[in-house]
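Visitor: Here's the letter readout for the chains.
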Amino acid sequence: GNSVTQMEGPVTLSEEAFLTINCTYTATGYPSLFWYVQYPGEGLQLLLKATKADDKGSNKGFEATYRKETTSFHLEKGSVQVSDSAVYFCALIPGSARQLTFGSGTQLTVLP
Amino acid sequence: GAGVSQSPRYKVAKRGQDVALRCDPISGHVSLFWYQQALGQGPEFLTYFQNEAQLDKSGLPSDRFFAERPEGSVSTLKIQRTQQEDSAVYLCASSPKLAGGPGELFFGEGSRLTVL
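Chains as they are written, first to last, in my numbering: chain S, 1 to 112; chain L, 1 to 116.
It should be emphasised that the hints constitute simulated quantities derived from the structure, not laboratory data. No residue lacks a Cβ here, since even glycine has one placed at the ideal position from N, Cα and C. No incorrect hints appear here.
Capping the alpha-carbon separation at 27 angstroms, the derived lysine-lysine pairs in DSS-like fashion look like this:
| # | chain 1 | residue 1 | chain 2 | residue 2 |
| --- | --- | --- | --- | --- |
| 1 | L | K97 | S | K60 |
| 2 | L | K11 | L | K57 |
| 3 | S | K68 | S | K56 |
| 4 | S | K52 | L | K97 |
| 5 | S | K56 | L | K97 |
| 6 | S | K77 | S | K56 |
| 7 | L | K14 | L | K78 |
| 8 | L | K97 | L | K57 |
| 9 | L | K78 | L | K11 |
Among chain S residues calculated to face chain L with C-beta under 8 angstroms, some are:
| # | residue |
| --- | --- |
| 10 | E42 |
| 11 | G43 |
| 12 | L44 |
| 13 | L46 |
| 14 | F89 |
| 15 | R98 |
| 16 | Q99 |
| 17 | L100 |
| 18 | S104 |
From just these sequences and the hints, can you work out the full model?
Guide: Written out as structure tokens, the structure reads:
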């Protein structure tokens, strides 16, 4: 079946620290991979995506590279800000499916 | 606003009551999804509409759950005879594209259902 495994949280960092949130997946076919973010009191928003192996998605200083050999899509940011505090979800759509399959989410808190 | 709108934002129901949750997608969006998000978990797929057609309802947990989108716009998720395990946030998402590709989904803020 299709599944996404995320690094368990919560994660607490100081401002300007380096962030990595690990994500690995199991999927049939060649999935598209996503990171969604949920800020407090808001709906889920697409942060970035990658549709094929070795693609790098990037947005707002965040990056993730689609690694087929390790079935991973780790989220990174070089210098986090307080405003990055949110819950981050890794997700995939397998080639044959319509719906997103989500990981369990990682709560990030950035302290000033 | 121009986003996906869900109502009510919060609903408390006594066990056994019926509830109806509404989703107003972004105007013109073809695809509409419902997800269920339990506390501390990621969203789980419930059902998918393409316009007014319900093409996939494989995620609905029981026959107490029913969804409709009669005119291909507003959708309602109905839960009959609610039980405590139905307590969750119900998310609606829409997309301008047909599902099955890497298109972006636009999510509403969700309806938080608490069953006492």
